[in-house]
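Number of protein chains: 4
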Amino acid sequence: MVRPRFARLPPAQQQAILRAALDEFATHGFHDASLNRVIDAAGISKGSMYYYFDDKADLFAHVARVEFERLLADVGPVARPSEPGPDAFWSTVERFYRDALTRLAAHPRVASLARTWLGASENPALQRAQLELEATVMPWLERVLVLGRSSGAVRTDLPSDLLIAVAIGMGRAMDTWLLSRPPDDTAPPPTGALVGMLRRALEPQT
Amino acid sequence: MVRPRFARLPPAQQQAILRAALDEFATHGFHDASLNRVIDAAGISKGSMYYYFDDKADLFAHVARVEFERLLADVGPVARPSEPGPDAFWSTVERFYRDALTRLAAHPRVASLARTWLGASENPALQRAQLELEATVMPWLERVLVLGRSSGAVRTDLPSDLLIAVAIGMGRAMDTWLLSRPPDDTAPPPTGALVGMLRRALEPQT
Amino acid sequence: MVRPRFARLPPAQQQAILRAALDEFATHGFHDASLNRVIDAAGISKGSMYYYFDDKADLFAHVARVEFERLLADVGPVARPSEPGPDAFWSTVERFYRDALTRLAAHPRVASLARTWLGASENPALQRAQLELEATVMPWLERVLVLGRSSGAVRTDLPSDLLIAVAIGMGRAMDTWLLSRPPDDTAPPPTGALVGMLRRALEPQT
Amino acid sequence: MVRPRFARLPPAQQQAILRAALDEFATHGFHDASLNRVIDAAGISKGSMYYYFDDKADLFAHVARVEFERLLADVGPVARPSEPGPDAFWSTVERFYRDALTRLAAHPRVASLARTWLGASENPALQRAQLELEATVMPWLERVLVLGRSSGAVRTDLPSDLLIAVAIGMGRAMDTWLLSRPPDDTAPPPTGALVGMLRRALEPQT
DNA sequence: TATGAATGAGCTTTCATTCAT
DNA sequence: TATGAATGAAAGCTCATTCAT
Numbered sequence: 001m002v003r004p005r006f007a008r009l010p011p012a013q014q015q016a017i018l019r020a021a022l023d024e025f026a027t028h029g030f031h032d033a034s035l036n037r038v039i040d041a042a043g044i045s046k047g048s049m050y051y052y053f054d055d056k057a058d059l060f061a062h063v064a065r066v067e068f069e070r071l072l073a074d075v076g077p078v079a080r081p082s083e084p085g086p087d088a089f090w091s092t093v094e095r096f097y098r099d100a101l102t103r104l105a106a107h108p109r110v111a112s113l114a115r116t117w118l119g120a121s122e123n124p125a126l127q128r129a130q131l132e133l134e135a136t137v138m139p140w141l142e143r144v145l146v147l148g149r150s151s152g153a154v155r156t157d158l159p160s161d162l163l164i165a166v167a168i169g170m171g172r173a174m175d176t177w178l179l180s181r182p183p184d185d186t187a188p189p190p191t192g193a194l195v196g197m198l199r200r201a202l203e204p205q206t
Numbered sequence: 001m002v003r004p005r006f007a008r009l010p011p012a013q014q015q016a017i018l019r020a021a022l023d024e025f026a027t028h029g030f031h032d033a034s035l036n037r038v039i040d041a042a043g044i045s046k047g048s049m050y051y052y053f054d055d056k057a058d059l060f061a062h063v064a065r066v067e068f069e070r071l072l073a074d075v076g077p078v079a080r081p082s083e084p085g086p087d088a089f090w091s092t093v094e095r096f097y098r099d100a101l102t103r104l105a106a107h108p109r110v111a112s113l114a115r116t117w118l119g120a121s122e123n124p125a126l127q128r129a130q131l132e133l134e135a136t137v138m139p140w141l142e143r144v145l146v147l148g149r150s151s152g153a154v155r156t157d158l159p160s161d162l163l164i165a166v167a168i169g170m171g172r173a174m175d176t177w178l179l180s181r182p183p184d185d186t187a188p189p190p191t192g193a194l195v196g197m198l199r200r201a202l203e204p205q206t
Numbered sequence: 001m002v003r004p005r006f007a008r009l010p011p012a013q014q015q016a017i018l019r020a021a022l023d024e025f026a027t028h029g030f031h032d033a034s035l036n037r038v039i040d041a042a043g044i045s046k047g048s049m050y051y052y053f054d055d056k057a058d059l060f061a062h063v064a065r066v067e068f069e070r071l072l073a074d075v076g077p078v079a080r081p082s083e084p085g086p087d088a089f090w091s092t093v094e095r096f097y098r099d100a101l102t103r104l105a106a107h108p109r110v111a112s113l114a115r116t117w118l119g120a121s122e123n124p125a126l127q128r129a130q131l132e133l134e135a136t137v138m139p140w141l142e143r144v145l146v147l148g149r150s151s152g153a154v155r156t157d158l159p160s161d162l163l164i165a166v167a168i169g170m171g172r173a174m175d176t177w178l179l180s181r182p183p184d185d186t187a188p189p190p191t192g193a194l195v196g197m198l199r200r201a202l203e204p205q206t
Numbered sequence: 001m002v003r004p005r006f007a008r009l010p011p012a013q014q015q016a017i018l019r020a021a022l023d024e025f026a027t028h029g030f031h032d033a034s035l036n037r038v039i040d041a042a043g044i045s046k047g048s049m050y051y052y053f054d055d056k057a058d059l060f061a062h063v064a065r066v067e068f069e070r071l072l073a074d075v076g077p078v079a080r081p082s083e084p085g086p087d088a089f090w091s092t093v094e095r096f097y098r099d100a101l102t103r104l105a106a107h108p109r110v111a112s113l114a115r116t117w118l119g120a121s122e123n124p125a126l127q128r129a130q131l132e133l134e135a136t137v138m139p140w141l142e143r144v145l146v147l148g149r150s151s152g153a154v155r156t157d158l159p160s161d162l163l164i165a166v167a168i169g170m171g172r173a174m175d176t177w178l179l180s181r182p183p184d185d186t187a188p189p190p191t192g193a194l195v196g197m198l199r200r201a202l203e204p205q206t
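Residue numbers (the UniProt record's numbering), protein chains in the order written: chain A, 1 to 206; chain B, 1 to 206; chain C, 1 to 206; chain D, 1 to 206.
Careful, some of the hints might be misleading.
Since the list gives no way to pick out one identical chain from another, each pair is judged satisfied if it fits inside one copy or across any two copies.
[Stated by the list, open to error] Result set (SDA-like, lysine to any residue): computed pairs, CA atoms no more than 25 Å apart in a straight line:
| id | residue 1 | residue 2 |
| --- | --- | --- |
| 1 | K46 | F6 |
| 2 | K46 | P86 |
| 3 | K46 | V66 |
| 4 | K46 | Q14 |
| 5 | K46 | R109 |
| 6 | K46 | L35 |
| 7 | K46 | R19 |
| 8 | K46 | L9 |
| 9 | K46 | P4 |
| 10 | K46 | E134 |
| 11 | K46 | A16 |
| 12 | K46 | N36 |
Hints were generated in silico from the structure; no laboratory data involved. Given the structure is predicted, the values throughout are model-derived calculations rather than measurements.
Start from the sequences and build out the full structure, keeping to the hints where you can.
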């Protein structure tokens, strides 16, 4: 767990460290990231790093949590739709998804972090960090799911963790696909179609 | 790329090497796998390994390709459904999916390899290997997609690589969810529901 | 040397520090003991520790001296035997030895400390501390020796520091041997035989 | 365990490594010895060191075993006394002891190593090495003990491991005492008196 | 065709100690 | 009198890869 000492640092220095770590993890993933490069870039000593964080995984977990929370805060909550009914819910989701994509596109390093988070890992230290992250994001997803169900927009015949897993998987797939498009393809992402597929998979059967 | 030299080895020795590598990669993932352990288990010298394979990623790509091809061969092709129409196609897919799951459950090391393959990686060498693997599996998936479309079972309004990405993502999500269930849950996987979601996402809109 | 500042602390806090240090040194030996753990357990700051003690070795020397003095005080002095003659002296020694063993068995941490003290060390800081400790215990041993000589129980043809070294060495050997016995061996230590060997080595020649 | 690779090295390089390690361990003890210094002094790479030895403790065990075996070989075995009876046995022991002391005095680094060996350790890796060393030396000591008993020179009423422990403890004590004498004391060590004490402790009671 | 010795850059982590406040 | 932030040197160890034979 991040030590309180870190929180007591001058914001500028906190930023420097987090930024350096973000760069490193985004560029090299978790395992290949080098703490040596992080401390060089952040301009602190190796001792200091271990004074602030338990270990590499702790640093990763912290930097990822900060970035994700910032992202969620930026995008704003998935608000309760103004009108009742599935259509309004899915519109809200699509709007949120488009926003999130836009922001991730503007912050490719955070997108990269997210991919590291979602990647499988055999490393126990990283797994700990991943669990910690999950604990940050899952409640948020569950809230959205509840909202969807109360709008009659999401099926209730399957367990919610399965639905969430599928939603994450589809999101990841779309991300992969978007990434694989040639860089000069300036067409906007087909968010309508993508959310449409998600909707069809998750909405109640008729 | 695997060197032809490897193919010229006595099959027994090829098996020994591939088996050792499969064990190692399945147990430790790509990065944490140790070539030293592989050559110890395979009973060959370090020099020989580099005589047969370019590098670690090359070994991984080869072992993964061999295992996947064996898996696909075991399960058999997704045959042209005996009857026309979407229902027959999706039944075939579900049957295939159930078979594949069964086989993966029987070969956990191959399942583990698949997860390594599907995991995102920032490691350039591994990415190269992943691309190589993709080249093995994609044509197969595309064949299935064509089949589905000619049955009217799969939408044609979205690019096929997007549909494939979504299918892979959902498959991965289901795998994750299946893995996360308590080990003593002996209920059979809800393949029907899972393929149902896939179908709803991919079938043509009405 | 312990700073007088330490003596001025409230006894409760002195106890907390000494107890934490005793635990740490007994568990990990000198080198592997961590000052960080000690200050955590004692609930004081790093700065305070260095305000009270010169360094790690100083802390070790102090904690060891306190414990040994307490042990000697508990066991009581090797009293002048009530009767004259060697037999009475050696009986006293044996009684003392048995008492000391009993007490060490009841305070394994102190026993562990004693072993660290008696262990050879190339570490200059620890050597300094060991010398300091010696200065605490040697006078006590010399008093016993004088007692023995005046009873005619201890030879006078060899220098007293040699005799003391031999006595310590034999004590250490016995300790080692006692420790090496299987834990389920509940037979009482053969103190008679052990002191008998010591006696034969140290008593005057006939 | 030392790897056979090491034995295959040119003798000159083996010597260089063993010599560097001996210097380092003798000067700094086990824990404070630095592998980095050893490899610098030996002129080999870090990788090579770990190619030859499992780890630090393995290196220590090997260097110590080599030196002790050389010492024992130099001094020669404790030969069966030419005449029967205790006196001849103890004369042999004293002669051996004097020889060994002479040689240790001529090789202070080996003496230092011996002290590290005999020192207590909390370090599991070092303990492993110490056990390994013990396995080298104990049989030798036991042989001497058997010899002594068959000459009627050593008591049979106490277990041999206790007698050996006492003998080692006394030897260590004498070593300590000899070391503590001022360096300008050129008087020969009182081996007669020292062995005399050992004899009195170990010989049968009358 | 096959070997295995040799490498050295790289890793994460620990720790006693200093010093400005 | 007391703090705790900051340090940097040092540690042991792993590994994929190269290359002379």
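Hint-by-hint comparison with the structure:
1. K46 with F6: both (14 Å within a copy, 18 Å between copies)
2. K46 with P86: neither (53 Å within a copy, 61 Å between copies)
3. K46 with V66: For K46 and V66, the Cα distance is within 25 Å only inside one copy (22 Å; across copies 31 Å).
4. K46 with Q14: both (15 Å within a copy, 24 Å between copies)
5. K46 with R109: within (24 Å within a copy, 35 Å between copies)
6. K46 with L35: Cα proximity of K46 and L35: in one copy and across copies (8 Å, 19 Å).
7. K46 with R19: within (16 Å within a copy, 30 Å between copies)
8. K46 with L9: both (16 Å within a copy, 19 Å between copies)
9. K46 with P4: Both: 18 Å inside a chain and 17 Å across chains, each within 25 Å.
10. K46 with E134: neither (28 Å within a copy, 36 Å between copies)
11. K46 with A16: Within one copy only: 15 Å inside a chain, 27 Å across chains, cut-off 25 Å.
12. K46 with N36: both (7 Å within a copy, 17 Å between copies)
Hints 2, 10 from the list above are not met by this structure, while the remaining hints are.
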